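S.K.: Chains as they are written, first to last, in our numbering: chain A, 7 to 367; chain B, 83 to 427.
FYI, nobody ran anything at the bench for these hints, they're computed from the structure.
The structure presented is a predicted model; accordingly, all values stated were derived computationally and were not measured.
Please note that the accuracy of each hint is not assured.
Claimed, not checked - Over 12 Å on every C-beta distance to chain A, these chain B residues come out as not near it, computed from the model:
(1) 149
(2) 169
(3) 181
(4) 194
(5) 196
(6) 240
(7) 291
(8) 293
(9) 327
(10) 336
(11) 351
(12) 391
(13) 392
(14) 424
As the list claims (entries may be wrong) - Heads up, incomplete: computed chain A residues facing chain B, CB under 10 Å, no partners named:
(15) 60
(16) 64
(17) 77
(18) 220
(19) 268
(20) 276
(21) 279
(22) 320
(23) 322
(24) 327
We put the CB at the ideal spot given by N, CA and C, even for glycine.
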Amino acid sequence: MTATTPAAATPPATGSVSGQRNYPSHGRPFWQRLLLRRETAIIALLVVVIIVASASVPHFAAPITYNFLLLDMAPVLLIALPMTLIIITGEIDLSVASAMGLSSSIVGLLTQAHWPFAAAAGIALVVGAIGGAVNGILVTRVGLPSLAVTIGTLALYRGLAQGLLGTTAVTSFPTFWTDLATSTLLGTLIPSVTILIVVLAILFGVLLHFTPFGRGIYAIGLSTDAAAFSGVKLQRTKFILFMLAGLVSALAGIFYTLRFGSARGDNATGLELSVIAAVLLGGVSIFGGRGALPGVLAGALLIGVLASALRLAGITSDVINVITGTLLVLSVILTSFLAWVQRTRLSAGRKRRETRGPASS
Amino acid sequence: MFQTRHSVRVAGVAALAASALLLAGCAGTASSGSSGGGGGSKNYAITFLPKNLGNAYFDTSDAGGKKAITEFKGTYAEVGPATAAPDAQVSYINTLTQKQVGAIVLSADDQKAPCSAINQAQKAGVKVVTFDSDTAVGCRDLFINQATAEGIAKVEVDMIAKQINDSGEIAILSASANATNQNAWIELMKKDLAANHPNIKLDDVVYGNDDDQTSFDKTAALLQTYPNLKGIISPTTVGIAAAARYISTSAFKGKVAVTGLGTPNQMKAYVKDGTVTAFALWNPGDLGYLAAYAAKALIDGTITGKEGDSFKAGTLGTFKVGADGTVLLGDPFQYNAGNIDQFNF
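With these hints in hand, go ahead and build the complete structure from the sequences.
M.R.: Written out as C-alpha cells, the structure reads:
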C-alpha cells in the first residue's frame, strides 16, 4: 500500500491532496506509514491468531506449545532471513532445503567416520557456502535466471545428499550436541536455538535496513538498470546473498540433524516451499524491491502458530495445508487488490473533486 | 486528508477479510475440538499415527485399531502427516503429548527422528506402541511385529509346495540383489526346501529390482530358460504382480504357479482369473487390532513391555512379549479366492 502508487500517476495538480511532499510513499505521517504497512498487518494477524487460539484451543496456551513451535520453525526462520534478501533483489533460491539435506548427510558421514562433531559441522558449513557460491556464480557470471539455476541445484544437492548416505541413516551423534540442539534457556521453556535466530535476525536486519549494501538490495529489486547506474555492485551483491543462503541453509541442516538425531539424505525435503511461503506471507514482493524482515519473521511464526493450533484442535494435515495455502494466496492477492482499490478510489476522488458542486451534499 | 480517510477504510477492509478468515478457521476448530480423555479411571484415549494419511494399508490397519478400541470403549483417533518424511511425525507426537492421550500407536517414519519426542511423551505418562515399522529399541514401550523372517519364508515354501504337489522345478523372482529382507528370506527358504522338500528343485534366483517392467521381463526369461518350471515364488509385492501379469496372458496360465508376498488390491484380478491360487502377507487389520490391545494393556498397567509379559487381545487371543519388547502378530495371513474380497489395500 505504501510504495505501490506510481509517482507518475500523481500529476502536480493533485499535489495538494497529500500535502507538501511530492513522493507518495512519504506522503503521510510516520505513524500512519508504520501502521498501514503489510508487515504490520501480518504482525497484527499473528497476535490476533495467538489470542484467539489461546482462548479457544485447549492446551494451546501452555508455554510448551511455544517450545515445540520454535523448534519446529527454527530452520524456516533461519533460512527465511537470507531468502528475504534474495527475493527483494528479485531473485529466488529453491535449493535451500536440498542444501540442508546435503549438510545433514555430510555431518552424518563425517561423524560416522569418527570426526569430532565441531569439525564435521565446520566442513558442512563450508560445503553449504560453496553450494551457495555455485548458485551465485551461475546467476551472476553466467547470467542464468535464478529460478532455473536453483531448480537444477535443488536436484543436484539432493542427489549428492542421497548419494553420500544411500538409504542408511546416521544416528550416533554426541549427546552433548544433540542435547544442546533441544536444550532450553536457563529456567524457561524457550529453546536455546532462539538465541541463534535472534542474533542472525539482527545481523540480517541491520544488513538489509541500515547499510548501503541493504539499500542496494532494494535498488536492484526495484530496477536493475537504475541500481547499476547508481553504482550498486549488482553481481557482487547477488553473489554474496546466494552464498549467505547456502551457509545459513547448512547451519539449519546441522540444527535439524541434531534436533532429530538422524542424518538422512532426504531430510528437510520440501522445506524450501515453507520458507518461501513465510517470506511472501511476511509481505515481501515476489517481484522484488519490497519487504521487511520483521514481517517475514511474523509470517513464519504465523504459519507455525496456525499449524500448531489446528493440530491441537484435531484438524488433519490436509486441512492445515489448505488453510495455510489460502492465507498465502489471500495475502498475495491483498497487495494487488489494495493497490488497485487505492488507484481507482484516487482517480474517482479526483474526478469527484473536479465536478464538485451541485451533486455534493 | 481525503486520501488518509481512504487508507483507513482500505485497512478496515483488510482487517475484515483477515478476521473472516480467522472465523472460518475457528468454526472448524470448535466443531472438532473435542479433546481426548476417555471415561472412567483409565485414560483409553488411543491415537493412531501412521506414516502418512491416505494410505490404503494404514487405513486398513487403523480400522483394525478402531475396532479394538470400540470393543473396550476407548476413544479412537487418527492423525498424521500428509506425506511420510523423517521428521513429519514429531510435531504430531508433541501435540498428542500436550493433549495427554493415553497412548500413541505409530508406524515410525524414521528409526531415530521421533525418539526424543517419544521420550518426552513417555515422561508425561503417554504409552507408545509401534507397529509395522519400528523405532530404535530403547525409545518405545512395545513393537508389534507383523511377521518374522522364518514365518515369511515358511509360508512361501508351504504355499508353493501345496500348489505344485511338492515336486518339480521352481524359481524365485526377488527384489534387488542386495535387498536385505529378501535375501534373508531366500536363505531360509533354501534351507527349508533342502530339509523338508527333497523333490522340489530351485532352478534359479533372479532379480527384478522391484521394478515392474524388469520383473515382467525376468519372468518371461525364466519361463524360456527353464521349460519344466512349475512354480515361481516372488517375495516382493512388485515382483509377484508382474509375474502374475505375464503369466495371466501367456500359455503358462494354470500350468505355472505364482505365489509369494502381495497385496490384495494388486492381486485380486489374478486370483479371480485363476493365475494365482494363494499368496501371503500379514493382515494389517489384525496388526492394528493387536497394537490397540497392547496399548490398552500398557495403560492398564497389566504389562510394562518387558520380556515374558502376556496380555489378552480380544478375539485374537493371548500374546506374549518377546525379546526387545516385541510382540509377534503370528504367521503371515494367506489370501485366496475365498477371502480376498474382504480386503481393500
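S.K.: Run every hint past the structure and note whether it holds.
M.R.: Evaluated hints:
1. 149: 21 Å, holds
2. 169: 5 Å, violated
3. 181: 6 Å, violated
4. 194: 4 Å, violated
5. 196: Residue 196 of chain B is in fact no farther than 12 Å from some Cβ atom of chain A, at 8 Å.
6. 240: 31 Å, holds
7. 291: 14 Å, holds
8. 293: 16 Å, holds
9. 327: Since the minimum Cβ distance to chain A is about 27 Å, residue 327 of chain B lies beyond 12 Å and the statement holds.
10. 336: Label holds. Min Cβ-Cβ 39 Å, cutoff 12 Å.
11. 351: Check passes; 30 Å lies beyond 12 Å.
12. 391: Residue 391 of chain B is indeed farther than 12 Å from all Cβ atoms of chain A, at 27 Å.
13. 392: 32 Å, holds
14. 424: 27 Å, holds
15. 60: Hint on residue 60 of chain A: violated, closest Cβ of chain B at ~12 Å, above 10 Å.
16. 64: 5 Å, holds
17. 77: 9 Å, holds
18. 220: Nearest chain B Cβ about 27 Å off; hint violated.
19. 268: 4 Å, holds
20. 276: 7 Å, holds
21. 279: Hint on residue 279 of chain A: violated, closest Cβ of chain B at ~12 Å, above 10 Å.
22. 320: At 5 Å from the nearest chain B Cβ, residue 320 of chain A passes the 10 Å test, so the hint holds.
23. 322: Result: holds, 7 Å to nearest chain B Cβ.
24. 327: 6 Å, holds
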